[in-house]
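Using the hints provided, position chains B and C relative to the given structure of chain A.
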Amino acid sequence: MASLTIDGQRIEFSEGQTIIEAATAAGVYIPHLCHKPGYTPHGSCKLCTVNVNGRNCSACTFPAAEGQAVLNNTEQLKQDRRKITQMLFVEGNHLCPSCEKSGNCQLQAVGYQLNMLDNHFPHFYPHRAVDASHPEILIDHNRCIFCNLCVRASREKDGKNVFGISGRGINKRLIINSATGQLKDSDIDVNDSAAHICPTGAILIKHTAYQAPIGERIYDHHSIDEVALEQEHGK
Amino acid sequence: MKNFMQAALTEIAYQPQRLLEILRKIQQQYQHIPPQAIDYLADELKIPITQIVAVAEFYSFFHLTPQGHYQILLSDSITDRMLGKADLTTYLEQKLQLKLGQVRADGLVSLNNTSCTGLCDQGPAALINGYALPNLSYASIDAITALIEAQKPISEWPPELFSVADQICKVDLLLSAPIEKSTGLYAMFAKGLTASLAEIDLSDLRGRGGAGFKTAQKWQFCAEETSQQRYVVCNADEGEPGTFKDRVLLHRYADQVFEGMTICAAIIGAQQGFLYLRGEYLYLYQQLNAVLQQRRDEGLLGDNIVNQGLAFDIEIRLGAGAYICGEESALIESLEGKPGIPRNRPPYPVSCGYLNQPTVVNNVETFLAAAAIVVNGGAWFANVGTEKSAGSKILSISGDCEKPGIYEYPFGTSIAQILNDCGAKNVLGVQIGGPSGCFISNQEFDRQIAFEDLATGGSFIVFNQQRKILDIVQNFTDFFAHESCGFCTPCRVGTSLLKKQLDKIANGHGSAGDVVELDAISQLLKNYSHCGLGQTAANPVLTTLQRYPELYQQQLKNISYEPGFDLDAALETARQLAHRNDAAAHLQQVEE
Amino acid sequence: MANKLKVATTSLAGCFGCHMSFLDLDERLLALIEVAEFDRSPLTDIEHCHPCDIGLIEGGVCNSENVHVLREFRKNCKILVAVGACAINGGLPALRNHIPLEECLLEAYRDGIGVENPQIPNDPELPLLLDKVRPIHEVVKVDYFLPGCPPSADVFWAFLTALLDGREPSLPYDLVHYD
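Protein chains in written order, with this note's numbering: chain A, 1 to 235; chain B, 1 to 592; chain C, 1 to 179.
If we strip away everything but chain A, and leave its shape as in the complex, we get (with noise of 0.2 angstroms):
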């Protein structure tokens, strides 16, 4: 079998894997959000980022190869992948004591991870809309990272394609199929694995918020290296 070596430590890999892939499978965690075992690469938050023979590649759409030497573990990456967190952060608007999201929030629980502290940022504090039209799911789009995880769901899940990435720059934003823009008038079902998908709080099921009370959530007692390896290992 090939392998490859990451932080020195070797691990194999089978043809087509690519390299967060064969680090999944071989426990070892590399921070991402826009990267879910099953669904397209995507390649876009960058926290995945990984040094490969001394060029920075992002491991979830870079092919695993034989011999390749991966740095993942660094002490710059871990600094730079902060500073990448706290880009998402300061480019929305993300306050956590108010989300009903907080303690099961990927975004969140890879801050918590890289022992982010602050937003370091000036922040942007854009002005976004709150999506309440559809019954039975909201939209804040002030908590979008524009992960496209819930654009790939609806596609290669769901077979209809309810959400967009639409704009361009700092002025991305979540768009959704339907004549009027609004999700009320989107052929969304409540049982859509896009409207499950998103790591943070801005696609939510109505009425189910506030079923485990803070600090019983996901990431208040598991680091988001535990959880995610725990779920995506072997898939």
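Fair warning: there could be bad hints in the mix.
Said to hold, decoys possible - Cross-link-like lysine to any residue pairs, in silico, SDA-like; alpha carbons within 25 angstroms at most:
#	chain 1	residue 1	chain 2	residue 2
1	C	K75	B	D446
2	A	K157	B	K338
3	B	K46	B	Q36
4	C	K75	B	H586
5	B	K25	A	T180
6	B	K468	B	P410
7	B	K468	B	D446
8	C	K78	B	V515
9	C	K132	B	R575
10	C	K141	C	P172
11	A	K78	C	L175
12	B	K99	B	H482
13	B	K499	A	K160
14	A	K160	B	Y14
15	B	K214	B	Q357
16	B	K500	C	R71
17	B	K499	A	Q79
18	B	K170	B	N383
19	C	K132	B	H586
20	B	K46	B	G378
21	B	K25	B	I168
22	B	K499	A	R173
23	B	K181	B	D313
24	C	K141	B	H509
25	A	K160	A	H120
26	B	K388	B	T543
27	C	K75	B	D566
28	B	K403	B	H586
29	C	K132	C	L175
30	B	K388	B	G378
31	A	K157	B	I47
32	B	K500	C	K141
Unchecked claim - Between beta-carbon pairs, the in silico distance windows are:
#	chain 1	residue 1	chain 2	residue 2	range
33	A	N53	B	R252	40 to 46 angstroms
34	C	D174	B	K500	33 to 39 angstroms
35	A	D225	C	D26	29 to 35 angstroms
36	B	K500	C	R110	40 to 46 angstroms
37	A	N53	B	I154	54 to 60 angstroms
38	C	R110	B	Q97	46 to 52 angstroms
39	A	H127	C	D143	28 to 34 angstroms
Just so you know, these hints were derived from the structure itself, not from any lab.
C-beta: ideal position from N, C-alpha, C; glycine also.
Relative to chain A, chains B and C alone:
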């Protein structure tokens, strides 16, 4: 609307790949892309509304809200500014009674900025309903505004307003002896395809867009892919500020460029080619289509090219105002009727390009050179230039010099020589390769144009001693923040953070640590961005910070910290609402 | 004890929740006051800050008075600490950043249901509101950040004991929370 839409859809043969083309027509007809048109297109082309909205919002020539019947876009490149764009803008605003960024209440005219229009040697420039207006002056603005107020159709405007000059100032290897039409094709068939590729290999021709990948190797890779369909794409999306040589090459030597594409098609086995022409060069569209038609009529394109059984044709697809589409995979996305977002690589376009088929994307100049190489032989080309950079480079020279225009030089020519030829005096520095390239100071003029020293896609902007470096860097940094596609986090957020941080320093609000922070943001952009745009977006900062650190440090106040926003202005709304203006109603920006 | 560590605290645009959480140190407070004394703080009623070792700031910056207080702390405190979500990113008060300030004030003082004698307060004694609520690091230089809404007593304890012991403060995974 239905009749118009049906006619437009028929024209694009209901191909969703030609979405940009139909949106251009809709924009022209309705001054924006109305929601009804979006719904209609989604149904007829069987694509999601989200794709249409995303395309309309991605390309800066499309609008979801109505623009004026006369839509004016002012080129906002640094060279336009150096030629007095700011004063002319003010004058135009007064004449039209309209502020930049607005649509006039009567809906007749709208005014906005746009990125470099490729008229840097004859600026300040603008686009009106997509057509280029070079050499703006107070007099031409008088004429233009009068024509607008009289509501005269643009087709009836005096042609001299639109007269773009070629300004070829110096010719060398390629431009001194352009090939005769069809000689490239005959030479290729006389030699054979394999031998023709061998000549290109021997020539050591490297891509002229700036990255410099070896052309013969690219073609070879593409030819080796197993596939029924292959494509040839000519990248005429020269959006790098300060570049305009492709405009001239296409205006004057289109046949040779198309011949280069046809040769490529024969070698790799492609039947379809595209010229991706930047939207700013709309005025070349008709002429280029006429050239293509002529070539079809003469058997140089079509089903049986020069009676050798070669089948190949070329279609022109227009861009719509997005610098990123110069990146080859973004260009391919755009050709497919999508926002120009660079793809993940691998796979590379040579194996998975347009419609996921093997595709060669080369620069205009590369195809021009390839055609000449097949006629004149690889050695003819390889004998010119340096060891690692064969042949010549066509430069677009603009800025502070007596004779801006097109200059062709053998690779290895020194900057001093070029500055001397174009009549540049009192030079502070030169921006080589555009904003994504490198700023060199007047201590470095013995350096050379070459892949191994100063690589360039052709942009060469001269700055004299009167220019302020930070003004230049601010203009370039704004450009990247505006043109970032927003796909990846470091570039989407980083280009805007860099702009904020640079503005803070340049505007005199920086303090200890702010230059370090500027450098830190730059490094993040450079090391983590998805594509070349983000990776080079901090080059204006980094290359000048390296050469003129004191210039940045001098801007800093000798205090530990100053806010990055205007504190007193943040109280303005509250002051007005409370009708207060006492001392306590104000804040000092820094502590007294 | 002559060389006690001097600590000042304040709440800007905050809810005093961080201060309450600080008091959750409970019996550890007794150990703390052996080695530390409080300068300006809601706990002491001292009105202005004297030179201090540590300044703990709760809350973001929402008005001109917040700016003055924050500057006073920065000037007097060797180490300035942003305590809690609001100091770090504006927190819940920053929810008003979505709404233009004019709309906020008109709704509250003129157009809202049940407003009597409608007028925007204009007494010169009252601080004016900034158009946006800002985290404190956007107004002064900040040395440390203690996240949480509020940070738990353990966070304060871990941070202060590290400083007292001359160690570089750091927060282990369990103590990092944004809620």
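Going down the list of hints, with the structure as the test:
1. C/K75 to B/D446: 52 angstroms, violated
2. A/K157 to B/K338: 22 angstroms, holds
3. B/K46 to B/Q36: 15 angstroms, holds
4. C/K75 to B/H586: It holds: about 20 angstroms lies between the C-alpha atoms, which stays within 25 angstroms.
5. B/K25 to A/T180: 23 angstroms, holds
6. B/K468 to B/P410: Distance ~31 angstroms between B/K468 and B/P410 Cα, so the pair is violated.
7. B/K468 to B/D446: Roughly 23 angstroms separates the two Cα atoms, so the pair holds.
8. C/K78 to B/V515: Status holds; Cα separation ~23 angstroms.
9. C/K132 to B/R575: Holds, at about 14 angstroms.
10. C/K141 to C/P172: 24 angstroms, holds
11. A/K78 to C/L175: 19 angstroms, holds
12. B/K99 to B/H482: Between B/K99 and B/H482 the Cα gap is close to 20 angstroms, so the pair holds against 25 angstroms.
13. B/K499 to A/K160: Status violated; Cα separation ~38 angstroms.
14. A/K160 to B/Y14: The hint holds at about 22 angstroms.
15. B/K214 to B/Q357: 20 angstroms, holds
16. B/K500 to C/R71: Holds, because 23 angstroms separates the two Cα atoms, which is no more than 25 angstroms.
17. B/K499 to A/Q79: Satisfied, since the Cα-Cα distance of roughly 22 angstroms is no more than 25 angstroms.
18. B/K170 to B/N383: Holds, at about 19 angstroms.
19. C/K132 to B/H586: 16 angstroms, holds
20. B/K46 to B/G378: 48 angstroms, violated
21. B/K25 to B/I168: Distance ~33 angstroms between B/K25 and B/I168 Cα, so the pair is violated.
22. B/K499 to A/R173: 20 angstroms, holds
23. B/K181 to B/D313: Holds: B/K181 and B/D313 sit about 16 angstroms apart, inside 25 angstroms.
24. C/K141 to B/H509: At roughly 14 angstroms apart (the allowed maximum being 25 angstroms), B/H509 and C/K141 satisfy the hint.
25. A/K160 to A/H120: 39 angstroms, violated
26. B/K388 to B/T543: With a Cα-Cα distance of about 24 angstroms, the restraint between B/K388 and B/T543 holds, given a limit of 25 angstroms.
27. C/K75 to B/D566: 20 angstroms, holds
28. B/K403 to B/H586: 52 angstroms, violated
29. C/K132 to C/L175: 29 angstroms, violated
30. B/K388 to B/G378: 15 angstroms, holds
31. A/K157 to B/I47: With a Cα-Cα distance of about 18 angstroms, the restraint between A/K157 and B/I47 holds, given a limit of 25 angstroms.
32. B/K500 to C/K141: Since the Cα atoms of B/K500 and C/K141 sit roughly 17 angstroms apart, the hinted pair holds (cutoff 25 angstroms).
33. A/N53 to B/R252: 40 to 46 angstroms: Between A/N53 and B/R252, where Cβ atoms are some 45 angstroms apart, the hint holds.
34. C/D174 to B/K500: 33 to 39 angstroms: 35 angstroms, holds
35. A/D225 to C/D26: 29 to 35 angstroms: 33 angstroms, holds
36. B/K500 to C/R110: 40 to 46 angstroms: At roughly 34 angstroms between Cβ atoms, C/R110 and B/K500 fall outside 40 to 46 angstroms, so the hint is violated.
37. A/N53 to B/I154: 54 to 60 angstroms: Since A/N53 and B/I154 have Cβ atoms about 55 angstroms apart, the given range 54 to 60 angstroms holds.
38. C/R110 to B/Q97: 46 to 52 angstroms: 34 angstroms, violated
39. A/H127 to C/D143: 28 to 34 angstroms: This hint holds: roughly 32 angstroms between Cβ atoms.
In the structure shown, a violation is registered for the earlier hints numbered 1, 6, 13, 20, 21, 25, 28, 29, 36 and 38, in ascending order.
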